[in-house]
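Modelling step: build the complete structure from the supplied sequences, incorporating the hints.
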Amino acid sequence: MPPETITIGKSEARKDGWTKASGQALYVGDIPIKHVCIGAVLRSPHHHARILAIDPSPAQMIPGVVAVITAKDIPGEKIHGPLVQDQPVLAMDIVRHMGEPIALVVTEDKTAAEKALAAIQVEYEPLPAVFDAEKALQPGAPQVHPGGNLLCEYDVSDGDLQEGFSQAEVILEETFQVPRISPAYLEAESSLAYFDEDGTLTVVVSSQKPFDDRHHIAMTCGLQDEQVRVKSAVVGGAFGGKEDSELHILAGLAAWITKRPVRFLNNRWESFLAHPKRHPATLHYKLGAKADGTLIALEALVHMDTGAYASYGPAVGGLLTEMVQGAYHIPNLRVLTRVVYTNSPYSGAMRGFGSPQAHFATESMLDILASRLAMDPLELRRKNILQPEDHFFTRVQVGDTARSLPLILAHADQARQRLRQLPAAPGKQSGVGFALSLQSMGLGHRVPDDSTNRLEWSPEGRLIVYLGSPELGQGMQTAVEQIAAETLGIPYQIVDTIDVDSRISPNGGVTCASRMTYLLGNSVILAAHKLTEETLNYAARTLNLPRAKLEYRLGQVILPDGRQMPVSEFCGRAAEDGIVLGASATFSFPYPAERTPEHLPIGMPHMMHAFGANVVRVEVDPELGTVEVKDMVAIHDVGRVINRAGVEGQVEGGAVMAMGYALYEDVCLKENQRWVDSFTEYLIPTARDIPENIEVILLELPELSGPFGVKGIAEMGLVPVAPAIANAVFEAVGVRARELPITPEKIALSLVEG
Amino acid sequence: MQEFDFVVPKTLAEACQMLSDGYGRPVAGCTDVLPQMRHGKLKTERLVDLSRIKSLAYIEHSNGRISIGALTTYEQMVTDRQLHDYAPVLAQAAATVGCRQTRNRGTLGGNLGNASPAGDTLPPLLILNAQVVLAGSSGERRMAVSDLLLAPGKTALLPDEIITSVGFEALPRGMRSLFLKLGNRQGMAVSVASVALALQLDGGGPVQDVRIALGAVAPTAIRCPEAEKFLIGQQIDPITAGAAGRLAAQACAPIDDVRASAAYRRHAIQVLVKRGLLSLSNDGDSHADN
Chain A
14 MPPETITIGK SEARKDGWTK ASGQALYVGD IPIKHVCIGA VLRSPHHHAR
64 ILAIDPSPAQ MIPGVVAVIT AKDIPGEKIH GPLVQDQPVL AMDIVRHMGE
114 PIALVVTEDK TAAEKALAAI QVEYEPLPAV FDAEKALQPG APQVHPGGNL
164 LCEYDVSDGD LQEGFSQAEV ILEETFQVPR ISPAYLEAES SLAYFDEDGT
214 LTVVVSSQKP FDDRHHIAMT CGLQDEQVRV KSAVVGGAFG GKEDSELHIL
264 AGLAAWITKR PVRFLNNRWE SFLAHPKRHP ATLHYKLGAK ADGTLIALEA
314 LVHMDTGAYA SYGPAVGGLL TEMVQGAYHI PNLRVLTRVV YTNSPYSGAM
364 RGFGSPQAHF ATESMLDILA SRLAMDPLEL RRKNILQPED HFFTRVQVGD
414 TARSLPLILA HADQARQRLR QLPAAPGKQS GVGFALSLQS MGLGHRVPDD
464 STNRLEWSPE GRLIVYLGSP ELGQGMQTAV EQIAAETLGI PYQIVDTIDV
514 DSRISPNGGV TCASRMTYLL GNSVILAAHK LTEETLNYAA RTLNLPRAKL
564 EYRLGQVILP DGRQMPVSEF CGRAAEDGIV LGASATFSFP YPAERTPEHL
614 PIGMPHMMHA FGANVVRVEV DPELGTVEVK DMVAIHDVGR VINRAGVEGQ
664 VEGGAVMAMG YALYEDVCLK ENQRWVDSFT EYLIPTARDI PENIEVILLE
714 LPELSGPFGV KGIAEMGLVP VAPAIANAVF EAVGVRAREL PITPEKIALS
764 LVEG
Chain B
228 MQEFDFVVPK TLAEACQMLS DGYGRPVAGC TDVLPQMRHG KLKTERLVDL
278 SRIKSLAYIE HSNGRISIGA LTTYEQMVTD RQLHDYAPVL AQAAATVGCR
328 QTRNRGTLGG NLGNASPAGD TLPPLLILNA QVVLAGSSGE RRMAVSDLLL
378 APGKTALLPD EIITSVGFEA LPRGMRSLFL KLGNRQGMAV SVASVALALQ
428 LDGGGPVQDV RIALGAVAPT AIRCPEAEKF LIGQQIDPIT AGAAGRLAAQ
478 ACAPIDDVRA SAAYRRHAIQ VLVKRGLLSL SNDGDSHADN
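These protein sequence lines are chains A and B, in that order.
Read in the numbering used here, the first sequence has 265 at position 252, and its numbers run on one by one without any break.
Read in the numbering used here, the second sequence has 315 at position 88, and its numbers run on one by one without any break.
FYI, nobody ran anything at the bench for these hints, they're computed from the structure.
Treat the numbers as computed from the prediction; the structure is a model and nothing was measured.
Every residue gets a Cβ at the ideal spot worked out from N, C-alpha and C, and that includes glycine.
Heads up, some of the hints might be wrong.
Unchecked claim - Just a few of them, taken from the derived set where beta-carbon distance is under 8 Å, the chain A residues facing chain B:
| id | residue |
| --- | --- |
| 1 | Leu130 |
| 2 | Lys272 |
| 3 | Tyr677 |
| 4 | Thr756 |
Claimed, not checked - Okay, derived cross-link-like pairs now, DMTMM-like style, lysine to aspartate or glutamate, Cα gap no bigger than 20 Å in a straight line:
| id | chain 1 | residue 1 | chain 2 | residue 2 |
| --- | --- | --- | --- | --- |
| 5 | B | Lys270 | B | Glu230 |
| 6 | A | Lys123 | B | Glu272 |
| 7 | A | Lys123 | B | Glu230 |
| 8 | A | Lys128 | B | Asp483 |
| 9 | A | Lys128 | B | Asp484 |
| 10 | A | Lys683 | B | Asp484 |
| 11 | B | Lys268 | A | Glu127 |
| 12 | A | Lys272 | A | Asp509 |
| 13 | A | Lys683 | B | Asp483 |
| 14 | A | Lys47 | A | Asp209 |
| 15 | B | Lys268 | A | Asp305 |
| 16 | A | Lys562 | A | Glu582 |
| 17 | A | Lys128 | B | Glu272 |
| 18 | B | Lys381 | B | Glu230 |
| 19 | A | Lys759 | B | Asp484 |
| 20 | A | Lys643 | A | Glu661 |
| 21 | A | Lys396 | A | Asp305 |
| 22 | B | Lys270 | A | Glu661 |
| 23 | B | Lys268 | A | Glu582 |
| 24 | B | Lys268 | A | Glu694 |
| 25 | A | Lys123 | B | Asp483 |
Here it is, written out as structure tokens:
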């Protein structure tokens, strides 16, 4: 049992809970600003076209129009991109996807904005377009960018594939397909730019990375980073989809040019077309095994459609490549991943970051193999799970985290037996399936991966946390506050977090990659130790005692005679002396030289991992093909629970999000050559679709380098769910889904066709 | 979204007058019209909001005849006891529309006026042989629902006409009814296919009367006379029910769209009709799950 704690492990109430539930929280769309202008974007109606001419003058004549802005008005850099500089702020000569921004209008009211957008004259020459990654690589395919359609390629291998397959007694080949999906957050992208009281261009962003946004805004406006201030608003969900700066650049640019406050709020269709999605991919697997089920060789060829611009595509491709291995020892393994430009809406970061795609294929493949060998899928996995002394095919040693796998399998087995006893509703067929999962933490080797945060005592003795990365709604602030409170031995209730404001906050980097509790927690623990030292130094000076005679314990300074003085007394005195008792600390994600392989491309490998599993019971209508997920058990090794309700929420939310991936969601091209771009056609799970009971089993095998033993959990809950559902459907009706989403139609028609 | 006038008449006469130039569109809950306008699929210069004409929201029963005001919401139909007694199939269908919020705003008149092939109250109204009452500047007229619905989004309404009520005979005693809906998810789904059925057996034996209507599988909701004719005098069993399902599948003219293919819709109709008939012949319970 973990030792007694003040707050760690408890379901402390989130401090933002009440304002959000009661509607008082200020999202970008709610922030009151006098005389704020409407910013709106003219977007491409074509998938691919040359722009022959843009005439903004008819729009400029409309009453209420403050400005119409095109690429030629941009004072600074006209191209941006988080990893690859390939994305025009506003299209110049070519549009490469439907929804691409061409011009901005800044107007005094919404009606003028709509009229102005309609009045801008753009002459297009439509060009042939391509929407499929494999087709885009064929000779003669339309070229999306001058350098060709192959954005990047990873070819990572370990062992000897030929030798592996020559030893195999059974070889399977399968092709899997996964769709483009939207993060579908409640709050679409939004940004508000204005000039603050001292005239600084200030942009309030709904974003995962305000400091990077600041850089891109400054570059576009021809300014230094310090000349732009960014602030984090309350964020209504992000899931990776708010790591792209596009709208914030447009807002900053519009305000900088017009010298007026301007607010941009994407419509839902704009969010669908012009912000990143999860990559659609085709995964071709060739798997070799011994007759007893021992995995011996795997060759995977993956094509990812990254759409018109790179966004985080190269990084997602890298992580997908690493995740193909899953939780298994496969001695001979090669993954070839191609990230390909097309004229689709661009794909980028989304919760799981390549892992859900890889896991759908790997975990389906394992069940297909089990079926071929007439083996229990769980026994097949037991035979092949990674051991602590094993290495991933990236040559990273798996380490102690693998000790969770036998426990996870045992829980999964129990859950499976229990769920198999539940009867199906009349006319339905029940099936239980499961899948294991692997998820990494952190950004990968040779990518800056650190976090700086600051702690201060307020004059009244409350602890103020200046986080350098934004809260997205996931509860990161709560976890960090609990870690700070535990470290300093003070109540959680007297810890406050200040939202990111570049004027006062340290730059803590992007909120992403299941790394925040680990990274921020470590940084805050370091800062807390420095703050304690600072406090005792001040106390020694004030009391005229040697520092060595004083101790700090549970918010009290302990004097040599054993008397205690609360820290708050010193905080007040310090404030009177004009001294702030505070400390900053930076923690960098560890990539220890002696253990980190150097032979891989930038961003590879990831060093820290956790494992989990999902067990589901579905009921399938054998005639209509409808699938209902009736029961779900999620088993995850989280290292250490900081806030139980928070972790359970992450796991449940991830599982429900993944149900949409498994069963409903697809941003696909319709027969009229338009994308699915609204929630009438793009279905996500409703309260009636999700199982009444999602049981969450949390294992706590500590990560020794983590704060209190923490591992990352933000993405893991999602990863095993889609293959678990596919495996359950197979058990229920014998239909193997090789393509997501698993729609009723696909099941019913394959049952009819036999 | 385009600019439009929003006018609020207090009486029916005023409403007809506001529509008389042909440039207006009557609305009540706006649950379909506003989304369509936002997506640019519908253009109109004037919305004539009928929702203040309170006299058009009622459900009345007299001498075996039910009359429902056009402004009656789905939720009112779901909770009305008379409807549960005399035309449960309509209450069942109303309960499957959208979510609670849309059921609180959306109206029966709107479902008819919108004329979506997937409108959930339309197949029940067809098997109830319902008639609509229309009011216009030149007076009142009546029309069968089957004559009102012409094509997706198209009705036989004249520009200045308003649907004021819907009337039908209560289902005969002993006639059981059922609505089955298939969507792509459990909650808030647009129908991929739907079926309304009413069945009367001759003393538990052969079929005395049967009515079948289909939704979302043709340009409008349709009745299935071939399947109905086939069933008269037959015992309902898996074979006859399956044959009726196949006749219904032949009667429909579905399209491929993003929700489902035509082939799947045909298949689903066959399954739903067969299942509905078996369910109605086996027990008196009406249940709406699919």
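Structure-based check of all given hints:
Of the supplied interface hints, the one on Leu130 (chain A) is violated, with its beta-carbon coming no nearer than about 12 Å to a beta-carbon of chain B, more than 8 Å. Because the closest C-beta pair between Lys272 (chain A) and chain B is about 29 Å apart, greater than 8 Å, the hint is violated. Against a cut-off of 8 Å between C-beta atoms, the interface hint on Tyr677 (chain A) holds, since the closest Cβ of chain B lies about 6 Å away. A least Cβ separation of about 7 Å between Thr756 (chain A) and chain B falls short of the 8 Å threshold, and the interface hint therefore holds.
Proposed proximity of Lys270 (chain B) and Glu230 (chain B) is supported: the alpha carbons are some 9 Å apart, at most 20 Å. Under the criterion of a C-alpha separation no larger than 20 Å, the hint pairing Lys123 (chain A) with Glu272 (chain B) is consistent with the structure, at around 18 Å. Distance check on the hinted pair: Lys123 (chain A) and Glu230 (chain B) sit about 10 Å apart at the alpha-carbon level, within 20 Å; holds. At roughly 35 Å between alpha-carbon atoms, Lys128 (chain A) and Asp483 (chain B) are farther apart than 20 Å, so this suggested pair is violated.
Taken as a hint, the Lys128 (chain A) and Asp484 (chain B) pair is broken in the structure, with Cα atoms around 32 Å apart against an allowance of 20 Å. As the CA atoms of Lys683 (chain A) and Asp484 (chain B) are separated by approximately 8 Å, the hinted pair is consistent with the 20 Å bound. Restraint check: the Cα-Cα separation between Lys268 (chain B) and Glu127 (chain A) comes to about 16 Å, which is no more than 20 Å; the hinted pair holds. A hinted pair counts as satisfied when its Cα atoms are at most 20 Å apart, and Lys272 (chain A) with Asp509 (chain A) does not qualify at roughly 34 Å.
Annotation: proposed proximity of Lys683 (chain A) to Asp483 (chain B) holds, straight-line Cα distance about 10 Å (limit 20 Å). With a CA separation close to 12 Å, the supplied pair Lys47 (chain A) and Asp209 (chain A) stays within the 20 Å bound. Proximity of Lys268 (chain B) to Asp305 (chain A) is assessed by CA-CA distance (about 60 Å); at most 20 Å being required, the pair is judged violated. Taken as a hint, the Lys562 (chain A) and Glu582 (chain A) pair is honoured in the structure, with Cα atoms around 18 Å apart against an allowance of 20 Å.
Proposed proximity of Lys128 (chain A) and Glu272 (chain B) is supported: the alpha carbons are some 15 Å apart, at most 20 Å. Proposed proximity of Lys381 (chain B) and Glu230 (chain B) is contradicted: the alpha carbons are some 23 Å apart, above 20 Å. Taken as a hint, the Lys759 (chain A) and Asp484 (chain B) pair is honoured in the structure, with Cα atoms around 14 Å apart against an allowance of 20 Å. Note on Lys643 (chain A) and Glu661 (chain A): the hinted pairing holds, with a Cα-Cα distance of about 18 Å set against a maximum of 20 Å.
Only pairs whose Cα atoms come within 20 Å are accepted, and Lys396 (chain A) paired with Asp305 (chain A) is accepted, the gap being roughly 9 Å. Restraint check: the Cα-Cα separation between Lys270 (chain B) and Glu661 (chain A) comes to about 47 Å, which exceeds 20 Å; the hinted pair is violated. Distance restraint check for Lys268 (chain B) and Glu582 (chain A): the Cα-Cα separation of roughly 67 Å exceeds the 20 Å cut-off, and the hinted pair is therefore not satisfied. For the hint linking Lys268 (chain B) to Glu694 (chain A), the alpha-carbon distance of about 15 Å falls within 20 Å, and the restraint holds.
Note on Lys123 (chain A) and Asp483 (chain B): the hinted pairing is violated, with a Cα-Cα distance of about 37 Å set against a maximum of 20 Å.
Of the numbered hints given earlier, the model fails hints 1, 2, 8, 9, 12, 15, 18, 22, 23, 25; all others are met.
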